[in-house]
Amino acid sequence: YENGFRYGCPYFAAFCLREDSREGGPRVGFTVPRAIGNSVVRNRVRRRMREAVRLRLHSLAGPWAIVLNPRRTVMEAPFEALQVEIDKLFDRCRKS
202 YENGFRYGCP
212 YFAAFCLRED
222 SREGGPRVGF
232 TVPRAIGNSV
242 VRNRVRRRMR
252 EAVRLRLHSL
262 AGPWAIVLNP
272 RRTVMEAPFE
282 ALQVEIDKLF
292 DRCRKS
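Here the working numbering = 1-based position in the sequence shown + 201.
Don't read these hints as lab results, they were simulated from the structure. Among these hints, one or two may not hold up.
[To be verified] Cβ pair distances, simulated, as ranges:
| id | residue 1 | residue 2 | range |
| --- | --- | --- | --- |
| 1 | N244 | A214 | 13 to 23 Å |
| 2 | S260 | N239 | 30 to 40 Å |
| 3 | G225 | T274 | 29 to 39 Å |
| 4 | E220 | H259 | 12 to 22 Å |
| 5 | R273 | S222 | 33 to 43 Å |
| 6 | F206 | G226 | 17 to 27 Å |
| 7 | R293 | R255 | 13 to 23 Å |
| 8 | K296 | V241 | 32 to 42 Å |
From the three backbone atoms N, C-alpha and C, an ideal C-beta is built for every residue, glycine too.
I would like the entire structure built from these sequences, with the hints used as guidance.
Shown next, in the form of structure tokens:
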């Protein structure tokens, strides 16, 4: 958290770190706080976020470690808007 950068948007906060010492592609993790809702809601949020990342992950190369922390607004967000924000995050990673 101290060495990388933070990316924020209305749907999630992302913490990104380039791990040059590690081989392989990017790693993405999800932390969904209990404040978002019960386990059914949290799992639904996690599945939406995972699918949005899966569809765009091919555009991100390199050994990145990314942790996504969704916000409550992610449940009401259109899926296309969520994908746009993931694209913006990955663009910022490529430029860093």
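Now the hints, each set against the structure:
Remark: the range hint 13 to 23 Å for N244 to A214 is upheld by a beta-carbon distance near 19 Å. For S260 and N239, the Cβ-Cβ distance of about 33 Å falls inside the hinted range of 30 to 40 Å, so the restraint holds. Evaluation of the 29 to 39 Å hint for G225 and T274 yields a pass: the beta carbon distance comes to about 32 Å. For E220 and H259, the hinted distance range of 12 to 22 Å is satisfied, since their beta carbons lie about 19 Å from each other.
For R273 paired with S222, a C-beta distance near 36 Å keeps the hint of 33 to 43 Å intact. The beta-carbon spacing between F206 and G226, approximately 19 Å, falls within the hinted interval of 17 to 27 Å. Restraint check, R293 to R255: a C-beta distance of roughly 19 Å satisfies the suggested window 13 to 23 Å. About 37 Å separates the C-beta atoms of K296 and V241, a value consistent with the hinted range of 32 to 42 Å.
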